[in-house]
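> What follows is each chain in one-letter form.
Protein chains: 2
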Amino acid sequence: MRPNGRTALDSFPKPAFLEFMRDAKPSKEKSPKKAVAAERPAGVRRPDAARIPGSSVHTSLASEIGLRIVRGDYPPGTILPNEAKWSETFSVSRSAVREAIKMLMAKSLLASRPKIGSWVEPKERWNLLDRDVLAWYATSPDREVFLRTVQEFRHIIEPEATAFAAMRRTDEQMAEISQACREMGEAKSLQERTRADTRFHLAILRASGNDLLVPLGVLIESAFDHLFAYTTRELDDLQLAQKMHEAIERNIRLQRPDAARNAVRKLLANTDNVIRSR
Amino acid sequence: MRPNGRTALDSFPKPAFLEFMRDAKPSKEKSPKKAVAAERPAGVRRPDAARIPGSSVHTSLASEIGLRIVRGDYPPGTILPNEAKWSETFSVSRSAVREAIKMLMAKSLLASRPKIGSWVEPKERWNLLDRDVLAWYATSPDREVFLRTVQEFRHIIEPEATAFAAMRRTDEQMAEISQACREMGEAKSLQERTRADTRFHLAILRASGNDLLVPLGVLIESAFDHLFAYTTRELDDLQLAQKMHEAIERNIRLQRPDAARNAVRKLLANTDNVIRSR
DNA sequence: TTACCTGTATTGTCAGACAATATTGCTTTC
DNA sequence: GAAAGCAATATTGTCTGACAATACAGGTAA
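If you're matching them up, the sequences are chains D and C in order. First residue of the first sequence: 1, per this note's numbering; consecutive thereafter. First residue of the second sequence: 1001, per this note's numbering; consecutive thereafter.
Simulated from the structure, these hints should not be mistaken for lab results. Hints may contain errors.
With beta-carbon atoms standing in for the labels, derived distance ranges [said to hold, decoys possible]:
id, chain 1, residue 1, chain 2, residue 2, range
1, D, Gly77, C, Gly1072, 31 to 41 Å
2, D, Pro114, C, Arg1265, 47 to 57 Å
3, D, Ala111, C, Ala1111, 22 to 32 Å
4, D, Leu254, C, Asp1236, 38 to 48 Å
5, C, Gly1072, D, Gly209, 10 to 20 Å
6, D, Gln242, C, Leu1240, 44 to 54 Å
This one's a predicted model, so the numbers in the text were calculated from it and none came from an experiment. Note that beta-carbon positions come from the ideal geometry of N, C-alpha and C, so glycine has one too.
Using the sequences plus the hints, can you model the full thing?
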């Protein structure tokens, strides 16, 4: 999934040290370091000794803290534990904590000031369209609600984006779209097919000629991730979907914006059914 | 402008940086930097050190480097100068550089690996809908192209968002919308008016009931920033615009999605003219 | 009360060291 | 001569410990 979906925080093999965190609620911790130290069995060495290569400490930390914030462990306005505290609970250096926090600040999940600490920003300031934030957001208890929200969003942007693509695509962009469409048809596995499907829709966004539409690709990737994980599709359903994709491809190729828009609407309606019926 | 527009990197005025930095570097300052100094015009003190007064070092650094990347100084794929080099050119510690770079990584402008360095990510991975990135992007040589791109985007999302708002708004959300509309009419200055205008459109996004639409508010804020800075509006034009806003407010209040959508379309068409005619 | 000052907790910044990692080029082996 | 392995090296990643800047909280004085 996610052909180019990697991000700084896209680290799924989590360092083992994260498992040592199960306390940490925004309460007034009364017993200091002793309690924390006691949680670690004497035989176990430093938790970060078992770190999994490929994901840096600050990155994993940012993921962990970011997830907690988005999940609602620390509601907007809450002052987070201070850097020293994070550093202690995770057994990492303060620099690592700071770098993690800086990443979350860059996503507008946090802000901070000396003497105050770091606090969670109001939700409407969160950059939900960031890939990482979206991924954390997607772990919401009710996955179907999330999917529906994303799908609704697709209804808003994809028909128009496709119409623009039909008007403005270059030959090169057309080639990408056509190739992705072809590869969808020839795919040997559902996963392979989904990958091509994603590429198809991303290519259309790029071909729309509006730079601001491109970043919305993360939503499409996310949607396909979850669709892929939560639905199984029948064979004739796949064939129907393939036909619909080909119609879109054709209308973009023939530069028919209105027809292209309608074709996308049909496809989305079909996807809606798949979601609804699962 | 930008009622709630602040960000980690959104820092405007304050203390001087160059001077402060110069004496902060007591002993290290020696002759061996000749080579580096020679790269730049001799007359200027520290051309690279565009320190934004009033904000932290890492934040200013992130702004400076981020701007350079978006501006195209380092095209995608380029390996940036390494941390030590940045640290030297800006006369700041390596930690500050690292925190700045981490912020840019969080926005997918950069990625890095040990032994390789940090490189600029492909443009389609940039998070253009991030407030900071958008602001840097807006400094493009051709402001009008930027405005047109944003405006086109508004055409895609705002009509639909407003239709949803008409269907799903709560009374509380309606109150916000109505109040912003009223304050637009009563505004004493153009700036005050623009502020209320922005609030009006943001409130509609929030009332749409789709969480993913909310972050797009940054685009609206950006659009108004630039419209405000680059256009002057005639009095009767303002009155017309006010009527249009009131029509939108009314249709949302009366829960008429289609009428609301059309009202927004009219308003946007009007804004298009303002842009085109300036 | 009001104004000012002072203590203090927290982030911000710095410096220097070592670890981990992956490219590069060299060396060995077949 | 080609392939495979190995060492040298450059760069980010991480840790530690120190001090500076900031702004809240609470006490003191007018």
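> Would you mind marking each hint as holding or not holding in the structure?
Comparing the hints with the structure gives:
1. D:Gly77 x C:Gly1072: 31 to 41 Å: holds (39 Å)
2. D:Pro114 x C:Arg1265: 47 to 57 Å: Holds - the Cβ-Cβ distance for Pro114 (chain D) and Arg1265 (chain C), about 48 Å, lies within 47 to 57 Å.
3. D:Ala111 x C:Ala1111: 22 to 32 Å: At 25 Å between Cβs, range holds.
4. D:Leu254 x C:Asp1236: 38 to 48 Å: For Asp1236 (chain C) against Leu254 (chain D), whose Cβ atoms are near 44 Å apart, the range 38 to 48 Å holds.
5. C:Gly1072 x D:Gly209: 10 to 20 Å: holds (19 Å)
6. D:Gln242 x C:Leu1240: 44 to 54 Å: holds (49 Å)
In summary, this structure violates none of the numbered hints.
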